[in-house]
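S.K.: Residue numbers (our numbering), protein chains in the order written: chain A, 1 to 268; chain B, 1 to 268; chain C, 1 to 268.
Keep in mind the hints are simulated off the structure, nothing from the lab. All of these numbers come straight from a predicted model, not from anything done at the bench. Be careful, since some hints might not be right.
No more than 27 Å apart at the CA atoms, straight line, and that leaves these computed lysine-lysine pairs for DSSO-like [as the list claims (entries may be wrong)]:
id, chain 1, residue 1, chain 2, residue 2
1, A, Lys183, C, Lys183
2, C, Lys3, B, Lys183
3, C, Lys183, B, Lys3
4, A, Lys258, C, Lys254
5, C, Lys175, C, Lys104
6, A, Lys258, C, Lys183
7, C, Lys183, C, Lys254
8, C, Lys206, A, Lys76
9, B, Lys222, B, Lys208
10, B, Lys76, A, Lys183
11, B, Lys183, C, Lys258
12, C, Lys258, B, Lys254
13, A, Lys254, B, Lys258
14, C, Lys3, A, Lys3
15, A, Lys206, B, Lys76
16, A, Lys183, B, Lys258
17, C, Lys76, A, Lys76
18, B, Lys222, C, Lys76
One-sided excerpt, in silico: chain B residues whose CB lies under 10 Å from chain A [claimed, not checked]:
id, residue
19, Asp10
20, Asn27
21, Gly72
22, Gly74
23, Pro100
24, Lys104
25, Asn121
26, Arg131
27, Asp132
So the derived list for chain A, only partly shown, Cβ under 7 Å to chain B, looks like this [to be verified]:
id, residue
28, Glu52
29, Val124
30, Gln126
Ideal Cβ positions, reconstructed from N, Cα and C, are used throughout, including at glycine.
The primary structure of each chain is shown beneath.
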Amino acid sequence: MRKIITFLSDFGLEDEWVGVCKGVILNIVPDAVIVDITHQIPSFNLKKAAVELLSALPFMPIGIHLAVVDPGVGTKRRPIVIETGRGDFLVGPDNGIFLPAVDKIGGINKVFWITNEEFMNVPVSQTFNGRDIFAPAAGHLARGISPDKFGPEIEKTTIETSPILPVVSSLETLKCEIIDIDKFGTIRLNCGFDDINKIALEYGRKIKLKLNGNELLIDFVKTFGDVGIGEPAALIDSSGFVCLALNQGNFSLKFNLKTGDRVDIIKN
Amino acid sequence: MRKIITFLSDFGLEDEWVGVCKGVILNIVPDAVIVDITHQIPSFNLKKAAVELLSALPFMPIGIHLAVVDPGVGTKRRPIVIETGRGDFLVGPDNGIFLPAVDKIGGINKVFWITNEEFMNVPVSQTFNGRDIFAPAAGHLARGISPDKFGPEIEKTTIETSPILPVVSSLETLKCEIIDIDKFGTIRLNCGFDDINKIALEYGRKIKLKLNGNELLIDFVKTFGDVGIGEPAALIDSSGFVCLALNQGNFSLKFNLKTGDRVDIIKN
Amino acid sequence: MRKIITFLSDFGLEDEWVGVCKGVILNIVPDAVIVDITHQIPSFNLKKAAVELLSALPFMPIGIHLAVVDPGVGTKRRPIVIETGRGDFLVGPDNGIFLPAVDKIGGINKVFWITNEEFMNVPVSQTFNGRDIFAPAAGHLARGISPDKFGPEIEKTTIETSPILPVVSSLETLKCEIIDIDKFGTIRLNCGFDDINKIALEYGRKIKLKLNGNELLIDFVKTFGDVGIGEPAALIDSSGFVCLALNQGNFSLKFNLKTGDRVDIIKN
Numbered sequence: 001m002r003k004i005i006t007f008l009s010d011f012g013l014e015d016e017w018v019g020v021c022k023g024v025i026l027n028i029v030p031d032a033v034i035v036d037i038t039h040q041i042p043s044f045n046l047k048k049a050a051v052e053l054l055s056a057l058p059f060m061p062i063g064i065h066l067a068v069v070d071p072g073v074g075t076k077r078r079p080i081v082i083e084t085g086r087g088d089f090l091v092g093p094d095n096g097i098f099l100p101a102v103d104k105i106g107g108i109n110k111v112f113w114i115t116n117e118e119f120m121n122v123p124v125s126q127t128f129n130g131r132d133i134f135a136p137a138a139g140h141l142a143r144g145i146s147p148d149k150f151g152p153e154i155e156k157t158t159i160e161t162s163p164i165l166p167v168v169s170s171l172e173t174l175k176c177e178i179i180d181i182d183k184f185g186t187i188r189l190n191c192g193f194d195d196i197n198k199i200a201l202e203y204g205r206k207i208k209l210k211l212n213g214n215e216l217l218i219d220f221v222k223t224f225g226d227v228g229i230g231e232p233a234a235l236i237d238s239s240g241f242v243c244l245a246l247n248q249g250n251f252s253l254k255f256n257l258k259t260g261d262r263v264d265i266i267k268n
Numbered sequence: 001m002r003k004i005i006t007f008l009s010d011f012g013l014e015d016e017w018v019g020v021c022k023g024v025i026l027n028i029v030p031d032a033v034i035v036d037i038t039h040q041i042p043s044f045n046l047k048k049a050a051v052e053l054l055s056a057l058p059f060m061p062i063g064i065h066l067a068v069v070d071p072g073v074g075t076k077r078r079p080i081v082i083e084t085g086r087g088d089f090l091v092g093p094d095n096g097i098f099l100p101a102v103d104k105i106g107g108i109n110k111v112f113w114i115t116n117e118e119f120m121n122v123p124v125s126q127t128f129n130g131r132d133i134f135a136p137a138a139g140h141l142a143r144g145i146s147p148d149k150f151g152p153e154i155e156k157t158t159i160e161t162s163p164i165l166p167v168v169s170s171l172e173t174l175k176c177e178i179i180d181i182d183k184f185g186t187i188r189l190n191c192g193f194d195d196i197n198k199i200a201l202e203y204g205r206k207i208k209l210k211l212n213g214n215e216l217l218i219d220f221v222k223t224f225g226d227v228g229i230g231e232p233a234a235l236i237d238s239s240g241f242v243c244l245a246l247n248q249g250n251f252s253l254k255f256n257l258k259t260g261d262r263v264d265i266i267k268n
Numbered sequence: 001m002r003k004i005i006t007f008l009s010d011f012g013l014e015d016e017w018v019g020v021c022k023g024v025i026l027n028i029v030p031d032a033v034i035v036d037i038t039h040q041i042p043s044f045n046l047k048k049a050a051v052e053l054l055s056a057l058p059f060m061p062i063g064i065h066l067a068v069v070d071p072g073v074g075t076k077r078r079p080i081v082i083e084t085g086r087g088d089f090l091v092g093p094d095n096g097i098f099l100p101a102v103d104k105i106g107g108i109n110k111v112f113w114i115t116n117e118e119f120m121n122v123p124v125s126q127t128f129n130g131r132d133i134f135a136p137a138a139g140h141l142a143r144g145i146s147p148d149k150f151g152p153e154i155e156k157t158t159i160e161t162s163p164i165l166p167v168v169s170s171l172e173t174l175k176c177e178i179i180d181i182d183k184f185g186t187i188r189l190n191c192g193f194d195d196i197n198k199i200a201l202e203y204g205r206k207i208k209l210k211l212n213g214n215e216l217l218i219d220f221v222k223t224f225g226d227v228g229i230g231e232p233a234a235l236i237d238s239s240g241f242v243c244l245a246l247n248q249g250n251f252s253l254k255f256n257l258k259t260g261d262r263v264d265i266i267k268n
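Given the sequences, and given the hints that come with them, work out the whole structure.
M.R.: This is the structure:
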C-alpha cells in the first residue's frame with residue numbers, strides 16, 4: 001500500500017521550498033508518493049487555497065493532505081492535524097482553509113495541536129515552518145505515527161473558520177463574492193447549485209448580473225459551447241460553484257475583475 | 001513493472017486541475033507513476049501541444065500518454081484512445097495533437113472512441129472532461145483494461161489531422177510558420193533537416209530570412225556557441241526542427257515574433 | 001531501497017524539456033523517484049542556482065542530484081560528476097553551482113569528467129545536453145554504475161569555483177551582494193550569521209542599510225511577525241542567509257532591487 005501525501009502551498013515553483021519539503025518527507029518515509037495540488041496560490045490568499053482544497057480533496061485518495069499557506073508563520077497561530085471521518089489527516093497551520101473541504105470527506109473527527117519537537121526539524125526556523133513542522137508531521141503520519149503523539153487534542157470549535165463567506169440571498173438576488181479566477185479568466189463565485197435553486201433559476205434562462213458598475217444579461221447554460229465563441233455564460237462548474245466565463249475568451253480581463261470583488265446575481 | 005503515464009495539458013499549475021486528474025488516476029491504479037511533460041501549453045494552443053508531444057514521446061517509456069488540450073470540451077468532439085505500433089496508448093480529445101508524434105512511435109494501429117460510462121466519473125462534468133473521462137481512461141488502461149472495452153473501434157482516417165501545417169517549398173525558398181517559441185525566446189519553425197536539404201543548405205552557409213518585415217542574413221550553424229554572444233543563428237534543434245536563436249539572448253523579443261507568424265528561409 | 005534523483009534546471013515548465021529528461025531517466029532506471037527542486041531558475045543564472053542547491057541539498061536524501069544550468073551548452077565546458085563525502089553524486093556541467101552546497105554534504109571526494117558515449121544518448125544534441133548527457137548519467141548512477149566508468153577522474157582544483165562571491169567586510173560594514181529574490185520579494189544577501197557576528201550585531205538592534213541610493217534603518221529580528229505588517233526587517237532566513245523583507249509585503253519591489261545589486265550593512 002503506497003502512502004499518498006497531497007501537497008498544496010503558496011510557495012511558488014521559482015524557489016527551492018517545495019522541493020525541500022519533499023526531501024524532508026522522503027527522508028522520513030522513503031516510499032511516500034507526493035502529489036502536488038498546486039503551489040501557485042497567490043501569496044497568503046486563504047480564499048483561493050480553500051477553494052482549491054474543496055475542489056481537489058474529494059477526488060484524492062484517502063491519505064495525508066499537507067497545505068501550507070501561512071501569513072502568520074513564526075507567530076502564535078497553531079500548527080494542527082485534522083482527522084476526518086473518511087480517514088484523512090489534514091496538516092497545516094490553523095487558518096480555516098480545510099474547512100470547506102472537510103464536509104465532503106466525512107467531517108472533522110478530531111483536531112490535534114502539533115507541539116512535540118520530537119516530530120520536528122530542530123531548531124525550527126521561524127520563517128519556514130513548512131520544512132521544519134508541517135512536512136515532518138506529514139511524513140511521520142505517513143509512516144504510521146498516531147497524531148496524538150504530536151500534541152494535545154483540541155476542541156474543534158476553537159479552530160479558525162472558513163475564509164470563504166456564505167452568500168447573502170434574498171428572494172430574487174444572490175449577493176456573491178468572487179472567490180477564484182482561473183487561468184482561463186473564468187470567475188468562481190461563493191455560491192452553488194443550492195443557492196441558485198433558492199432564486200429558482202433554471203438552465204436556459206437569462207440572469208442579470210451586476211458587477212464592477214456594469215449590468216449584464218447572460219445565459220445560464222450547461223457548458224461553454226452552448227454559447228457562441230466570445231459570448232458570456234453562467235454555469236455550474238465541475239466543483240459545483242457558479243462560474244462566469246466567455247466561451248474561449250477571458251471573462252475577468254473583459255470586465256476587469258479580481259478576487260474579492262462583489263457580483264450580484266438577479267433573476268430576470 | 002511500473003505503470004508509467006505521461007501527462008500534458010493546458011491546465012496550467014495555478015489551479016487544482018492537474019492534481020485532481022492525478023488523484024483520479026491514483027484512485028484507480030495506486031502504483032501508477034505519472035510524469036508531467038508540461039501543463040503550460042497556452043490555452044487551446046494545439047500547435048504547441050503537437051510540437052511538445054513530437055519532441056517528448058520518442059524519449060518516453062512505452063506506456064500511456066494523456067494529453068488534454070480541449071477547446072471543444074462539452075461539445076461533440078470525440079474522446080479517443082490511439083494504440084500505436086510501439087505499444088503505447090494515447091488518450092485525449094480527438095484534436096490531432098498526437099499525429100506528428102505517432103510516426104516516431106510506430107504509427108497508428110487502432111483508434112477507439114471512449115463512450116462507455118463504466119470507465120468514467122459519472123455524472124460527467126461538461127467543463128472538466130480531463131477529470132471525468134480522460135484521466136479515468138488513462139488509469140484503467142494502466143491497470144490493464146483493454147481499450148476495446150471503452151467503446152467502438154473507429155476508422156483511423158476519420159480522426160482529426162495534425163494542427164501543424166507542412167512547409168511550402170520551392171527550389172530556393174521555404175515558406176515556414178512559427179510553431180513554437182520557447183522560454184529562451186528561441187523560435188521553432190515547421191521545417192526540419194529534410195526541408196533544408198531540399199534547398200541544399202549546408203552548415204556554415206549564410207541564409208536569408210524574411211520575417212515581420214525584416215530581411216536578415218544569419219549563420220546556419222551546429223550550436224548556439226558557434227556565433228558570438230547576442231548574435232543570431234539558425235540551427236537544427238534537439239527535436240529536428242529548424243530553429244532561430246540569439247546566443248544567450250531572446251530572438252522572439254528582438255524581432256517581435258509570435259506563434260503562427262510566417263518566416264521565409266531563402267538560400268543565399 | 002528507492003533510487004532518489006533530485007533535479008534542478010533553468011528549463012522552465014512551459015516546454016517539454018523537464019519531462020523529456022525524466023523520460024530518459026525512467027527508460028534507464030524504471031524505479032527511480034525524481035524530485036524537482038526547481039526548474040524556474042532564471043535563464044543562465046548561476047548565482048540563483050547555487051543558492052537553491054545550498055538551501056536544498058542538506059535536506060535531501062543522500063542520492064543523485066542533477067542540476068543543469070548551462071550557458072555554455074555545446075561548447076568545451078566539461079560535463080562532470082562530483083562524489084561527495086556524504087555519498088551523493090552531483091551531476092551537471094562544470095559551472096560551480098554545486099560548490100556552496102558541497103561543504104554541507106561532506107565536501108568533494110572525487111570528480112569525474114563524463115566522456116564515455118556508452119552512457120549518453122547518441123548522437124548527442126549540441127543544444128540539449130540535459131537530455132543526451134546529464135539525464136543519462138544520473139540514470140546510470142541510479143542503477144549502480146560507478147562514476148569512474150563515465151570518464152577520467154580529474155583534479156578537484158581544476159573545476160569551476162562558486163558563482164557566489166564572498167562578502168567584503170570591515171569592522172563595522174559588510175559590503176554585500178543580492179544573490180536571490182524570492183517570490184515574496186524577500187532579498188537574500190551573500191552573507192550569513194558568521195558575517196553578522198564579525199560586526200557584532202545582535203537581535204533587537206537597528207542596522208543601517210545602504211541600497212540603491214537609499215539609507216534605511218531596519219530592525220534585526222528573529223521572524224517577520226516581530227515587526228508590524230508592511231514594516232521592513234532584517235533576519236537570518238531558514239538557509240542561514242541574511243535576508244531583508246517587508247512583513248507580508250514585497251521588499252524588492254518597494255526599493256526596486258534586483259539580483260546582483262549591492263547592499264551595505266552598517267552597524268548602527
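S.K.: Are the Cα positions of Lys183 (chain A) and Lys183 (chain C) separated by 27 Å at most?
M.R.: holds (19 Å)
S.K.: Regarding the hint that Asn27 (chain B) lies at the interface with chain A, is the smallest CB-CB distance below 10 Å?
M.R.: This hint holds: Asn27 (chain B) lies near chain A, its Cβ roughly 5 Å from the closest one there, short of 10 Å.
S.K.: Given the hint that Lys258 (chain A) pairs with Lys183 (chain C), test it: the Cα-Cα distance must not exceed 27 Å.
M.R.: holds (20 Å)
S.K.: Does Asp132 (chain B) pass the interface check with chain A, least Cβ-Cβ distance below 10 Å?
M.R.: With Cβ-Cβ at 8 Å, under 10 Å, it holds.
S.K.: Checking one constraint from the list: CA of Lys258 (chain C) to CA of Lys254 (chain B), max 27 Å. Satisfied?
M.R.: holds (22 Å)
S.K.: Quickly compare the C-alpha distance for Lys175 (chain C) and Lys104 (chain C) to 27 Å and report which way the hint goes.
M.R.: Given that 27 Å is the threshold and the Cα spacing comes to 24 Å, the pair holds.
S.K.: Given the hint that Lys3 (chain C) pairs with Lys183 (chain B), does the C-alpha gap stay at or below 27 Å?
M.R.: Measuring from Cα to Cα gives roughly 30 Å; hence the hint is violated.
S.K.: Does Lys254 (chain A) pair with Lys258 (chain B) here, judged by a C-alpha cut-off of 27 Å?
M.R.: holds (22 Å)
S.K.: Is Lys258 (chain A) close enough to Lys254 (chain C), meaning Cα to Cα at most 27 Å?
M.R.: holds (22 Å)
S.K.: Starting from Lys183 (chain B), check that the Cα of Lys258 (chain C) is at most 27 Å away, please.
M.R.: This hinted pair holds, its Cα atoms lying about 20 Å apart.
S.K.: Keeping to a limit of 27 Å between CA atoms, is the pair of Lys183 (chain C) and Lys254 (chain C) held or broken?
M.R.: holds (14 Å)
S.K.: If you take the shortest Cβ to Cβ gap from Asp10 (chain B) to chain A, is it below 10 Å?
M.R.: Holds, because the Cβ-Cβ distance from Asp10 (chain B) to chain A comes to roughly 8 Å (cut-off 10 Å).
Against the hints set out earlier in the document, violations occur for numbers 2, 3, 17, 23, 24, 29 and 30.
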